[in-house]
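Just so you know, the protein sequences line up as chains A and B, in that order. With this note's numbering, the residue at position 60 of the first sequence is 1241, and numbering never jumps. With this note's numbering, the residue at position 34 of the second sequence is 49, and numbering never jumps.
No lab work stands behind these hints: they were computed from the structure. Remember, it's a predicted structure, so these values are computed and weren't measured experimentally. Be a bit skeptical, because a hint or two may be false.
Calculated lysine-lysine pairs in the DSSO-like style (CA-CA distance at most 30 Å, straight line) [said to hold, decoys possible]: (1) B/K111 to B/K127; (2) B/K111 to A/K1269; (3) A/K1269 to A/K1294; (4) A/K1294 to B/K111.
Label-pair restraints from in silico Cβ distances [claimed, not checked]: (5) B/A26 to A/T1293: 46 to 52 Å; (6) B/R45 to A/L1323: 28 to 34 Å; (7) A/E1219 to B/D142: 45 to 51 Å; (8) B/S34 to A/V1299: 30 to 36 Å; (9) A/G1183 to B/P51: 51 to 57 Å; (10) A/R1189 to B/T129: 27 to 33 Å; (11) A/R1303 to B/R45: 31 to 37 Å; (12) B/S34 to A/Q1261: 31 to 37 Å; (13) B/A26 to A/R1189: 26 to 32 Å; (14) B/K130 to A/G1282: 25 to 31 Å; (15) A/G1183 to B/K130: 50 to 56 Å; (16) A/S1195 to B/T114: 51 to 57 Å.
C-beta atoms are modelled at their ideal positions from N, C-alpha and C, and glycine is treated no differently.
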Amino acid sequence: MGFLEQLRERGTASDYQALLEHIPYARFLGITVDEVGERGVLLRLRFDPRIVGNPTLPAIHGGVIGAFLEFAAILELVRQGEGERLPKPIDLAIDYLRSAGPADAFARATITKHGRRVANVRVEAWQDSPERLVAAAHGHFLVP
Amino acid sequence: MGTRPVLDLVAADRQLLISHIPHAQAIGLRVVDARPDEAWLEVPYSESLVGNPETGVVHGGVITTLLDNAAGTAVILALEEPRSIATLDLRIDYMKPATPGRDIVGYCHCYKVTKNVAFVRGVAYHDAVDDPIATMVATFMLGANWTLPAVFARET
């Protein structure tokens, strides 16, 4: 049984956390799995001064928020997908809704359509409350 | 092509355009060139930016960060007077994976500035702009908050 298949079989937060720990860029940004439940994978981006893009506000770098949203989409696609390869992003359109302050951020993805080759995904990120989004995105991914 | 106050401010050291940005420093971003309306930034290859450990290819988020930062820099280089900026939206299309071990250039052109909004196109590549790793379009709000880019704030 392959790594991703095993992950889906067991499906606990720590299994998904183990996957992120294999990915150097996820470790570098400080992205961890908070929860895996009925509503999917909930990711956390730990605040660190190194991820700041605007030091005056201060605010987290827009590119880091984009990367975080992409990770949330990929992990949810792994959870609901098949096969042993990671999905590949085709495009991502990000709306920046308010600046992300010096605090942890959270993200969760919803798969709008899971086709044979392409999946459509929506992702949302927030800090203090899921009612107050800092960013939202939709994108397309090639699924293995 | 008019002169821009920011180009005089950074004439001696173009890195001043991004040296105040902690995350740009964390991933080793470097300004390769800066002209009115246009910016070229480079991200050096690093193991810590890898998104797929089996192939060594950097994560798409690194390309997003490179292009977001290059786009913001292009807007700053397009403004006739200092104003704060904030990314409103950014769309990125991934054309091919970056080659493991190689640096990536992000080129952005701010092709229109209106009273409130700046419009930017960009591309990420290794060797040639017509062989893209990714392309991007983005819009920025002008005067969205009360923080000026540091190169402008320094003057006052």
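Comparing the hints with the structure gives:
1. B/K111 to B/K127: Holds: B/K111 and B/K127 sit about 28 Å apart, inside 30 Å.
2. B/K111 to A/K1269: Measuring from Cα to Cα gives roughly 10 Å; hence the hint holds.
3. A/K1269 to A/K1294: 15 Å, holds
4. A/K1294 to B/K111: 23 Å, holds
5. B/A26 to A/T1293: 46 to 52 Å: 49 Å, holds
6. B/R45 to A/L1323: 28 to 34 Å: Cβ of B/R45 to Cβ of A/L1323: about 31 Å, so the range 28 to 34 Å holds.
7. A/E1219 to B/D142: 45 to 51 Å: At 47 Å between Cβs, range holds.
8. B/S34 to A/V1299: 30 to 36 Å: At roughly 41 Å between Cβ atoms, A/V1299 and B/S34 fall outside 30 to 36 Å, so the hint is violated.
9. A/G1183 to B/P51: 51 to 57 Å: 53 Å, holds
10. A/R1189 to B/T129: 27 to 33 Å: Cβ of A/R1189 to Cβ of B/T129: about 48 Å, so the range 27 to 33 Å is violated.
11. A/R1303 to B/R45: 31 to 37 Å: With a Cβ separation near 34 Å, A/R1303 and B/R45 satisfy 31 to 37 Å, so the hint holds.
12. B/S34 to A/Q1261: 31 to 37 Å: For B/S34 and A/Q1261 the Cβ distance comes to about 42 Å; the hint is violated.
13. B/A26 to A/R1189: 26 to 32 Å: Roughly 56 Å apart at Cβ, these two residues miss the hinted range, so it is violated.
14. B/K130 to A/G1282: 25 to 31 Å: With Cβ atoms ~28 Å apart, the hint holds.
15. A/G1183 to B/K130: 50 to 56 Å: 55 Å, holds
16. A/S1195 to B/T114: 51 to 57 Å: 34 Å, violated
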